[in-house]
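**Q** In my numbering, the protein residues as written are 1 to 97.
Bear in mind the hints are in silico, worked out from the structure with no lab data behind them.
One should not assume that every hint holds.
[As the list claims (entries may be wrong)] Quick list of in silico lysine to any residue cross-link-like pairs, SDA-like style, CA-CA up to 25 Å:
#: 1; residue 1: 14; residue 2: 24
#: 2; residue 1: 14; residue 2: 64
#: 3; residue 1: 14; residue 2: 40
#: 4; residue 1: 14; residue 2: 79
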Amino acid sequence: MSVIVHVRHFLNRKGERAFPELFEEHRRRAAAFPGFVSLRHSPPVVGDSTSEIEMTLEFADESLLQNWRSSPDHAQVAAAYQPSWIREPEVTFSRRD
1 MSVIVHVRHF LNRKGERAFP ELFEEHRRRA AAFPGFVSLR HSPPVVGDST SEIEMTLEFA
61 DESLLQNWRS SPDHAQVAAA YQPSWIREPE VTFSRRD
């Protein structure tokens, strides 16, 4: 049973412009971890001063996802996104049978 993480990012304009490069680095780092299945994102929903982008990350199982989330690579990815945030992202978890 795979585990899916849904992350809704709330980005400033600079973050929206930086997102493609940040996302590719995120994908590169996550894909190097055992159990990685996929990482995708929605098109941005652009507001007056912010953009919302939803990302979906899938790992083969919860323990492999936790390996990624507790890694220095994940910490570096999160730190790279952080200056782009208007506020903390919304994160939800689900399972796929």
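**Q** Taking the earlier hints as the rules, which of them does this structure contradict?
**A** Violated hint (a single one): 2; every other hint is consistent with the structure.
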